[in-house]
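Q: Sequence:
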Amino acid sequence: MNTYAIGDLQGCHAEFVDLLEAIDFDPGRDRLWLAGDIVNRGPGSLDCLREVTALGDAAVTVLGNHDLHLLAVARGGAALNRKDTLDDILAAPDREALLDWLQTRPLLVRETLGHDTLMVHAGLLPQWSLDQAARLAGEVETVLDSERAGTFLARMYGNAPALWCDDLDGIDRLRGIVNVFTRMRFIDAAGRLDFAAKEGLDSAPSGFAPWFQYPRADDVQLLFGHWAALEGKTPDSRINAQALDTGCVWGGSLTALNLASGERTSVPSRKRN
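So the sequence shown is numbered by full-length UniProt numbering: it starts at 1 and just counts up by one.
Read the hints as simulated data drawn from the structure, not as lab findings. Since the model is a prediction, treat every value here as computed from it, not as a measurement. Where a beta carbon is used, it is the ideal one built from N, C-alpha and C, also for glycine. Do not take every clue at face value.
Said to hold, decoys possible - The calculated lysine-lysine pairs, modelled on DSSO-like cross-linking and capped at a C-alpha distance of 27 Å, are: (1) K271 / K83; (2) K271 / K233; (3) K198 / K271; (4) K233 / K198; (5) K83 / K198.
Said to hold, decoys possible - What follows is a list of derived Cβ distance ranges for each label pair: (6) Y157 / S129: 35 to 41 Å; (7) D100 / A196: 31 to 37 Å; (8) K271 / A189: 23 to 29 Å; (9) P215 / F195: 40 to 46 Å; (10) L163 / S203: 18 to 24 Å; (11) P268 / S129: 18 to 24 Å; (12) G262 / D57: 22 to 28 Å; (13) R155 / R29: 39 to 45 Å; (14) A189 / D94: 43 to 49 Å; (15) D172 / A196: 19 to 25 Å; (16) N258 / K83: 31 to 37 Å; (17) A162 / Q132: 28 to 34 Å; (18) L163 / D87: 32 to 38 Å; (19) P43 / P215: 37 to 43 Å.
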C-alpha cells in the first residue's frame, strides 16, 4: 500500500486522471491525501468533485479556500467572482450531495505514516501545538456540520483578525482559524498574517517570512498546498514542510508525493498545450 499526497486540483480533472495513471493508483490498495482546493479556476471542477467522492475512504481531503468559497456561494449567499468556474457544480443534479460531502471535510488531518504527519491547506502557525491546532480545526468543523453553517459561511470572509489570540470568540475566532488553515503564506515573528503578498518568496513584506521558515517545538512532517508560486519547494525551511501545489491550473504541473519514499511524480498541465 502506498499513500500519496497531492496538491491543489483546482478543477484540473484531466491532469488528475493522468497523475493517478502515472502513479498506478489502486483505490483498493493505495490512499490519497488531497491538500484542498479541489475546485475552481480550472475547467473540470464538477468532475474533480465527483472523482474524489467516488474514491470513498481511499481519499482524504482537507478544505481549501476555494472549497470554502464554493460553500459560501452555494449556502452562505456569497457572490461568484469573475474568474470562478463553479457554475457546473451549482447547476449539477447531484449538487446537494456533493456540497454535503464537501461541507463535512476537515481543515486538518493527522496520522502516523512512519512519521507524525499533518496536512492542512495553507499552513500551521508555529505558535500552535499540534493538539491545539486539531482542537481549533474541530471548532470550525463543528460549526460547518451544524445549523449555524449558513450564518458562518455568510460572515466567513475578512482579513481581521490578522493576529491570533486565544481569547478570541465568535466569528472573529472562527475566521481567524480559517484564515490560518486556508489563506496563510507570510507571517511575522508574532504570528501576524499578511494577506496581500501572494507571489514568491521575494514578495515578502518587510518583517515577514514564510510560515515554514519559523521553528516549531515539535517534530512533525507538514504537508500543504495553496502556494503555487513556491513550485513545490520550501527553501530555508526550519521544519519538515512539504509544499504540494505546483500550479497545475496556472500551466505548471500536478504533483503526487509518495509519503513513504519521498518520491515525487508530476504530470504537466494541459493548459500548456
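Q: Now, for every hint given, state plainly whether the structure supports it.
A: Status of the hints after comparison with the structure:
1. K271 / K83: holds (16 Å)
2. K271 / K233: holds (22 Å)
3. K198 / K271: Holds - the C-alpha atoms of K271 and K198 are around 21 Å apart, at most 27 Å.
4. K233 / K198: holds (15 Å)
5. K83 / K198: Status holds; Cα separation ~17 Å.
6. Y157 / S129: 35 to 41 Å: violated (28 Å)
7. D100 / A196: 31 to 37 Å: holds (34 Å)
8. K271 / A189: 23 to 29 Å: violated (38 Å)
9. P215 / F195: 40 to 46 Å: Violated: the Cβ-Cβ distance is about 23 Å, outside 40 to 46 Å.
10. L163 / S203: 18 to 24 Å: holds (20 Å)
11. P268 / S129: 18 to 24 Å: Roughly 39 Å apart at Cβ, these two residues miss the hinted range, so it is violated.
12. G262 / D57: 22 to 28 Å: This hint holds: roughly 24 Å between Cβ atoms.
13. R155 / R29: 39 to 45 Å: holds (43 Å)
14. A189 / D94: 43 to 49 Å: holds (47 Å)
15. D172 / A196: 19 to 25 Å: Taking Cβ atoms as reference, D172 and A196 lie about 20 Å apart, which means the hint holds.
16. N258 / K83: 31 to 37 Å: holds (33 Å)
17. A162 / Q132: 28 to 34 Å: Hint violated: Cβ distance 19 Å, outside 28 to 34 Å.
18. L163 / D87: 32 to 38 Å: Holds: the Cβ-Cβ distance is about 37 Å, inside 32 to 38 Å.
19. P43 / P215: 37 to 43 Å: Holds, since P43 and P215 (Cβ atoms, about 41 Å apart) stay within the stated range.
Hints 6, 8, 9, 11, 17 from the list above are not met by this structure, while the remaining hints are.
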